[in-house]
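J.: Since the structure of chain P is already known, use the hints to place chain U on it.
Protein chains: 2
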Amino acid sequence: MSGKARVRARRMPRAERERQMLDAAVRVIGRHGYQAASMDEIAEAAGVSKPLVYLYLHSKEALFTACVEREARTLIAAISEAVGQRDPADGQLWSGLLAFFRYADERADGWRVLHVQARTHGEPFARLADTMRARVLGFVTALLTSAARAADGTRDLGEHELTGLAHALVGAAESLATRAADDPALTPTASARTLMDFAWTGLGGLVAGERWS
Amino acid sequence: MSGKARVRARRMPRAERERQMLDAAVRVIGRHGYQAASMDEIAEAAGVSKPLVYLYLHSKEALFTACVEREARTLIAAISEAVGQRDPADGQLWSGLLAFFRYADERADGWRVLHVQARTHGEPFARLADTMRARVLGFVTALLTSAARAADGTRDLGEHELTGLAHALVGAAESLATRAADDPALTPTASARTLMDFAWTGLGGLVAGERWS
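So the sequence lines, in the order shown, correspond to chains P and U.
Residue numbers for the first sequence follow full-length UniProt numbering, so the first one is 1 and each next one is one higher.
Residue numbers for the second sequence follow full-length UniProt numbering, so the first one is 1 and each next one is one higher.
For reference, chain P alone in the conformation it holds in the complex:
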């Protein structure tokens, strides 16, 4: 084994172990809350010693920050990978929303860390959550802008207005994900359908009996 390969062999387990620690931390913090979560419990759930958690992630605050950042990256990657660039605008929106609600369902602890815990335990974490949310908003604004351009709606919809619509859509999605977390009978498909009905067809169409399809 060359020197380089040995270094790589030592490094791989580190990345893997760090991933295990973050998985454990997200699980413990998502379920019991940041305040109640102890480093002992997180180390045990990760199957490592507590000093090793401190060695890798330095402090409970740094571990929490790393969890928030990783969950945000995972969510954004899931959405952007799901959206087919060549689909029609409503198809892109549907795929993106479905990916979002699936993330919130399958990684329920991650979603709680990102949306609830990061906003519940003081301002540095809340600011980080805002920064991560701004990235999602940017993505959604771009998606709506290309949708409007495809339909030649850019004559009517300015950048400022499209940003406003993105804020409305993201807020509606967050609210429905919170609802789904409280009601296990609600599937990601059901939430995505409700939001497509709301956001695409609009209440005006809905009360008149229309539906998005």
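If you're looking for bench data, these hints aren't it; they were derived computationally from the structure.
Treat the hints with care, as some may be off.
Unchecked claim - With the C-beta cut set under 7 Å, the calculated list includes, among others, these residues of chain P facing chain U: (1) D109; (2) A147; (3) L165; (4) W200.
What the hints assert, rightly or not - Short, incomplete list of chain P residues facing chain U, as computed with Cβ under 7 Å: (5) H167; (6) A168; (7) S175; (8) L176; (9) R179; (10) L195; (11) F198; (12) V207.
These numbers come from a predicted model, not from an experiment.
Idealized CB from N, CA, C, for every residue including glycine.
T.: Same frame as chain P, now just chain U:
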């Protein structure tokens, strides 16, 4: 002066003073955050002594709880008073949204206490904020239900679906109020118009050049 009148005379200033303390607390907590806000600062802003604040509101936690409850009551009253029961459904929604964005604009500190501070400082306050939000959701669900009934859309829209639409609408409104708080150029009317376009006309209509009017 009879005994009863004397009691009433002593009681009136108490209610008034308590209101002043809450006003001051909302201002200080809304601007500097719950953690940074001191009872000294709140007492000074209210023009009373610190022991008097403790006598009336017992603790910083109790004072904060009273602030959250009062702001939620004020917001709900503003919305429900604005909605004319005999207006068409979209007119009712417009009035309700305008009242909401006006509250968030005129009582910016109150909105920050309710929506940001109550969710940023631990779970008992976050739970209270959720309870208050559930009341708003109930009101909006009832409004959408009567809108659907008026348009005979109840054949198509079940209770569960209407609750989902209410969650979407409330989440969208919160998100736009947060945006408006960060951008002083955005008026309550502009935010209400964006949300009516989004929620009533829908993105499908908007990209095709439609607007709510």
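J.: None of the hints should be skipped; say for each whether it holds.
T.: Tested hints:
At about 16 Å, the closest approach between the beta carbon of D109 of chain P and any beta carbon in chain U exceeds 7 Å, and the interface hint on this residue is violated. The restraint placing A147 of chain P at the interface with chain U holds, with a minimum CB-CB distance near 5 Å, inside the 7 Å limit. Hint status for L165 of chain P relative to chain U: holds, with the closest Cβ pair at about 5 Å, below 7 Å. Taken as an interface hint, W200 of chain P checks out: its beta carbon lies about 4 Å from the nearest beta carbon of chain U, inside 7 Å.
Residue-level restraint check for H167 of chain P holds (minimum Cβ-Cβ distance to chain U is 5 Å; threshold 7 Å). Interface hint at A168 of chain P: satisfied, since its Cβ lies 4 Å from the closest Cβ of chain U, which is below the 7 Å cut-off. Look at S175 of chain P: its Cβ gets to within about 2 Å of chain U, closer than 7 Å, so that hint holds up. Evaluation of the L176 of chain P hint against chain U yields a held restraint, the C-beta minimum of about 5 Å falling below 7 Å.
The beta carbon of R179 of chain P is positioned within 7 Å of a beta carbon in chain U (closest approach about 5 Å), and the interface hint is therefore held. The closest approach between the C-beta of L195 of chain P and any C-beta of chain U is roughly 6 Å, which is under the 7 Å cut-off, so the hint is satisfied. A hinted interface residue such as F198 of chain P counts as satisfied when its beta carbon comes closer than 7 Å to some beta carbon of chain U; here the least separation is about 4 Å, so the hint holds. The closest approach between the C-beta of V207 of chain P and any C-beta of chain U is roughly 4 Å, which is under the 7 Å cut-off, so the hint is satisfied.
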